[in-house]
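*Asks:* Protein chains in written order, with the working numbering: chain W, 2 to 411; chain E, 16 to 650.
Because the hints were derived from the structure by calculation, they are not lab data.
C-beta: ideal position from N, C-alpha, C; glycine also.
Hints are not guaranteed to be accurate.
[Unchecked claim] Below, simulated SDA-like cross-link-like pairs (lysine to any residue); rule was C-alpha separation at most 25 Å, straight line:
(1) W:Lys-190 to E:Thr-134
(2) E:Lys-350 to W:Gln-339
(3) E:Lys-623 to E:Leu-552
(4) E:Lys-192 to W:Ala-84
[What the hints assert, rightly or not] Not the full set, but computed from the structure, chain W residues with beta-carbon under 10 Å of chain E:
(5) Val-189
(6) Val-210
(7) Asp-270
(8) Ser-325
(9) Ser-326
(10) Ile-328
(11) Ser-329
(12) Asn-331
(13) Arg-352
(14) Gly-353
(15) Arg-377
(16) Arg-380
(17) Arg-399
(18) Arg-403
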Amino acid sequence: MNRRVFLGAGAAAVLRADVLPSARVSLGVVGLGWMGLATMKIFMTDPRVQVTGICDIDADHLNEGAAAAPDARTFHEFEELLARPEIDAIYMAVPDHWHAIVATSAARAGKDIYGEKPLAHNWAEGKAICDAVERYGRVWQTGSWQRSLPDFRFACELVRNGRIGKVSKVEVGLPAGLTDWDGTGRLVKSGPPPKSLDWQRWLGPAPWVPYAAARVHKTWRWNYDTGGGSLMDWVGHHVDIAHWGLDLDNSGPISVEGSGEPSPHPIWDTPPLWRVTARYAGDLTMTIAGGSAGLRPGTRWIGEEGWVWVDRSGIETSPRSLASSRISPNEVRLPVTQSHHRQFVDCVFTRGATLTPAHVALRSATPGYLGNIAMRTGRTIRWDPVRQRILDDPIAERLLGRTPRSPWSL
Amino acid sequence: MSPARLPPVAARQAFPSRGRRKRCWRWLLFLVTAALYATDPEALVRQVATYDFGKDPSAVRELEALALRSGPAIEKLLLSGLASARTLAAKDAFCRGLAVAGSGAAAPALAAMLAKLDTAEMARYALERIPGAQAAARLRDALSRTSPPVRTGIVVSLGRRKDAASVPAIRLLLDAKDRQLAEAAAAALGHIGTPEAREALLAARPSAAVSAALLAVADAGTYLRLYSAAGQSEAVRIAALEGLARVDHQQARPLLYAALKSDSVRLQAAAISELARIEGTSLANELPNVAERARVQILTALTESGRPGVRPVLVESAASESEATRIAALIGLAKWGTAADVALLAGRAASASGDEQSAARAALGAIRGARCDDAIVQAIPGAGPQVKVELIRAVGERSIATAAEVLLTAASDTNRPVRVESIRALRETASPRQVPALLALLAKTAAENDRKELERTVASAIRRSKEASVGDVIGAYQGAANPDVRISLMNVLSSAGNAAALPLIRESLRDANADIRRAALNALSGWPSPEPLDDLLALARAPGDAARQILALRGYIKLVQLPSSRTPAETAGLLKTAMAAATRPDEKRAVLAVVQRLVCPESLELAKSVAGDPQIAGEARLAVTTLERALSFVK
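Okay, chain E solo, but in the shape it has when bound:
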């Protein structure tokens, strides 16, 4: 079926230039055909009347589009086409048109097709969707005149139409020997859903299909019957119990409590879900009486129900002997916990392990309310090391900006876990205002690991400002004598990605200290934007140090892949430059890997240009094949 056409401008933008000529011809052909048919719809109908599967479908698609856009206005045309159709495929096409554009006037012709096996389905496809009494009447009439396979489809359609008038005829089919027909009859009565349809289902011999249909039309009595009757599947009993709980929870309550004690864990789970809704937190009274799995489900259901009073239940359950119960309670406290639970959660996070520890940490990070933040920050100074670590972790998790000073103090703690966790938490909370203090801390930090943590924290604080100002870092670099500190500051500058730092980094490329020169190169390679591309290219081309050339080229390739406003063709140009600078197969392959993902004619050209290079011939051929295939389809 043809969609509405895009405006030509959008089409030009979307199609790449390659293959445009071929597509233009297709377009031209389509437009000419469409124009022809638009002026002469009868010619279109004649064309469709001879259509067969495997032939050019243009006329069929045009007919379908016409039907969708014109509606009943072309019904007569479709009917004349149906009468003259020479193939099944053509009849199918006209029936599809009538399915959307047909009215009662089409019903006689379509109903006549129901008599034949090879046309019944396409006719029903249309008749089912044609509104009004005529189409329904024709379908009903056909019930007694058609063979079981066709009759099954008709019953389905009458059910989907919710045709109440067909109930007397369909109820007779509930006992049909043909299983599919009997099941379709039950389902249809369920769809129709009138009192007569329900009565017919209640009177029917029990079966899975009848039960399923009854569930669709059930009242409290029917649910009760389905739940209590022998031989019903567990799925039906569960649905019936849940249905009863929805329509009459008073009647359902004793059954739900009985189900809570049943041997069926599935039935038990359904009972828990409904009781949590109906009873709220009083369901918690059952916690001591049920198995661990049910306890978890009760706590989960109460947590999700959002009923008031759930918190005390969760706090009590958090002390359970069962690990699973404790975890379910902690998960609940993440949603319903308060400032009063800070000590419990921090203590548990410090003392537990594995999933329970994760749940306690998550809860400490998630409990809501400004008082929670205060309670956490205030607890830090007096806490023992392990609990302190958890509280500080929570500060980071919760991004408590007011805790910066407390964290800066803790970042100099003698206990290393406290120190490291504080630096990490500052990464989440520190603002540009804390950058000088963090730089001072970095300058006096001897342990390399701690300094690495601080590098990331300072960079993070800088990035949080709109301008990513690096003036303080440059000043600290110029004032630092220790090369290790300078390297750390270089890493910070790279991570911040502010162009104001580039002159300093360029200067450092000529530093007397080899480690600093190396750090400067790494800083350019790790830059978060493509800005230093030219610097890296110059280093890659510069004679002398081969290792530097390689590292610079790798950095260049990496930066080419960063988001930019370049066109694909411009990016292909940069990759061409990189390929020219590459001398080793590793870097050539790295370039090709990027080329292969850049779908444009220029990248294909580049891949072809290196196909003769014996070092990378295989990769180049793969890139050519991939790009040719990608370009052969509209992108």
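Next comes chain W alone, as it looks inside the complex:
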């Protein structure tokens, strides 16, 4: 791999004062659960960032956050945090069903946003985020941080530069769903929520259901009301990379079909095992499978003259010599970033373009949204990637969005 020099943050890195009303980026953190707390600590390692506000509707999470960022103001409701004029930007790590409301509110409040993937709970809410970010001129970075790692970038450059010839197939291997991350899988009985948790707020725009421990925190992804299964958990990583390698950041599939195992769990209704096939113009097929023994975890592009595989453990190529090849400046070179989080901070200063803006995140997530719709309807979904519309299936079209529970709206 080229020992390419990091390029991008230089100018921002030496602007220590007067770029923003405060000397540093004043960061608010919304959502301090599993992901939120860990990523907040990453942001805190950047000397240009000061975490000044934190927010969670679980008092236990908020207390953990306050212990890690003792100088930050604490908030129960995100609206209070967004109302603080000194906050320049937010890091958002709430469950998927909250993404759109928090993100569009933040854009309206003039905050820049680093939002976790997938972009939103459903396609329509993702589009609403894109519109709000555009309308209010905000900087947006999606948490698709694999784009900032050298192996992924190099793999995509190999594919982009035709080193494996014309690509006809892409295989995206993802983990199975329904992993019981915090041991709450058996706690399915309805009952009163713990005192530390504001259950009504946690549900927010999702349809009302009674509290059960299996619905919240580390396993909300497994329920369609609040997440999109392991497909939507990972679509913003390995499918995002697949798209990046194929220069599909402004395009998408033309049809998607899918099938999956019915969930045996009484609350988690997303499939434990599944397989989605997305077809693109130019005779390209992408297979995305969760928990499939036949598909290696990671992203593999298969071309006429070889293949490239990449995941977090490394990169492999056929022929093997490809892995030692070089990308010259006269070929397509993708942006080199020091870290995904720092690049967001750079752009807050310079107002430059992030690696993963909202409209790209929507494109990367679209095969996932359509894949879930295909699985649930049992039909092949035809998609117009230019107008971004489902074709000839009014029932499926209704699943692109959903009605938020009152009083929430976008």
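Using the hints provided, position chain E relative to the given structure of chain W.
*Replies:* Okay, now just chain E, sitting in the frame of chain W:
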């Protein structure tokens, strides 16, 4: 909601054998239930009608799947179920079905549910998504008959439906005492977006919600009003200014230039972004008049805008007194620089430090065009040592294959930084054709550090060939008398990973020189593929040298983890062998660490088998727990 089922073959492949019986029962139950309901949908509806939260949701999921797959064909069935539903959970289930399968025919029954607080939300969930005039009319009718919390939701739904007919009713709610209702009314009018809706918003009492809604429907006049009105938030003013610049840049231009000089850095940043788009490089005329932060933003915006004529601006700014400005200019030159900038960039890379040096190096490595490569290579011989180092670094960065001969010459330079940088650059550029010359250089290199650099360079050149041919290296090894050179060549062979070198390495395991024997063992342990597993196992089991046994076993454990075509069960077998060969707790723990990540019944069995070993009992128990948990879920 049940997804479409996987074909049975795929399911068998995906599920591990453990727990299969339990899952088979679940499957069987599901299939029987599905088959039953498929033949008797009315039975399914009766079943759902008594459903409550916490109970078995199979029938609910089947109903939802039926609705998604059948559409309007089952609307009547869903409505009959809704009428007979005994619980809120059941009503919710039927409403979800109607949300996707319902038509205007469902509107009356759903509208009736809007009157009650506990059913209003589920009814609206369905009504909002049912297309056609009937559902919209029912929602509008309910506006005057419902309490504020329900009314707020209805207003939201009418807005999301873009129901123009509801504008007269919704505009009356803009002044509602209930704040959420008033905000929802404003947002709804913004969604509807008709001239009447915009007129209603323009006439409304100013508020954040009204401003946000107006931004969604604004024309130039509205943007201007929002930008100029007192009391607007900075976020709204920025959005209005950007909006105006998009729809009428002539009108926006003076405002943008005024904003460029404002005290608000956020407003200033927005102005820069729009002016860069509208004005192009003439915006650079403002560089002397603005603060450092704005200069950086102007250069960033011009760089990203791709407007012609940006390069001279960048070159001039690269000489600024402000470090941040210089860096922003260098970053821009990475994109827009030409061969004419090679001297500037190389000189800056040699003289600057920190971020500025990084930016200059990055730019020198990134400027495009074949002439850039030539300019860099041609500048090397005449450059002073520091600039030469930067030029050579750029050759490596740019992988300029034609520079190999120049680099080979520079690799023997008396100046060590030049020498080392050349060897490193050759690592990026040398092809298999240069291997003999590199080997000759290695053979005569006395400094160990330089030789280490060369080892990596030779290996890299070899790996670049399709066959990773190591014939030249083997020949050089056999011809070398100096043990240090032989060890270096052994390292090269290991790194190249060509099986043709294995006989030589096996032979070297018996060399009279202990350092060479040790290097041969290291070469096997560092092999990039699992090929020498058997060699390492034999060494680990061989009696005598305990240190060799340990190193060999560690190498074995390392190679087991490399990618291969083995099944997990086969890998577990290799780990079992390693565990049997291990005598010390360190190696046993290393084996367990791998076992723990290998999710298969055989690795669980192995972890259990050593749980009684007092040296590693704790780690073994942890591995057992981890694997049991991992195996209890479908992978």
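*Asks:* Taking the hints in turn, state whether each one holds.
*Replies:* Verification of the supplied hints:
{"no.": "1", "hint": "W:Lys-190 to E:Thr-134", "in the structure": "holds, 23 Å"}
{"no.": "2", "hint": "E:Lys-350 to W:Gln-339", "in the structure": "holds, 18 Å"}
{"no.": "3", "hint": "E:Lys-623 to E:Leu-552", "in the structure": "holds, 23 Å"}
{"no.": "4", "hint": "E:Lys-192 to W:Ala-84", "in the structure": "holds, 22 Å"}
{"no.": "5", "hint": "Val-189", "in the structure": "holds, 7 Å"}
{"no.": "6", "hint": "Val-210", "in the structure": "holds, 6 Å"}
{"no.": "7", "hint": "Asp-270", "in the structure": "holds, 6 Å"}
{"no.": "8", "hint": "Ser-325", "in the structure": "holds, 5 Å"}
{"no.": "9", "hint": "Ser-326", "in the structure": "holds, 7 Å"}
{"no.": "10", "hint": "Ile-328", "in the structure": "holds, 8 Å"}
{"no.": "11", "hint": "Ser-329", "in the structure": "holds, 5 Å"}
{"no.": "12", "hint": "Asn-331", "in the structure": "holds, 6 Å"}
{"no.": "13", "hint": "Arg-352", "in the structure": "holds, 5 Å"}
{"no.": "14", "hint": "Gly-353", "in the structure": "holds, 5 Å"}
{"no.": "15", "hint": "Arg-377", "in the structure": "holds, 5 Å"}
{"no.": "16", "hint": "Arg-380", "in the structure": "holds, 7 Å"}
{"no.": "17", "hint": "Arg-399", "in the structure": "holds, 5 Å"}
{"no.": "18", "hint": "Arg-403", "in the structure": "holds, 8 Å"}
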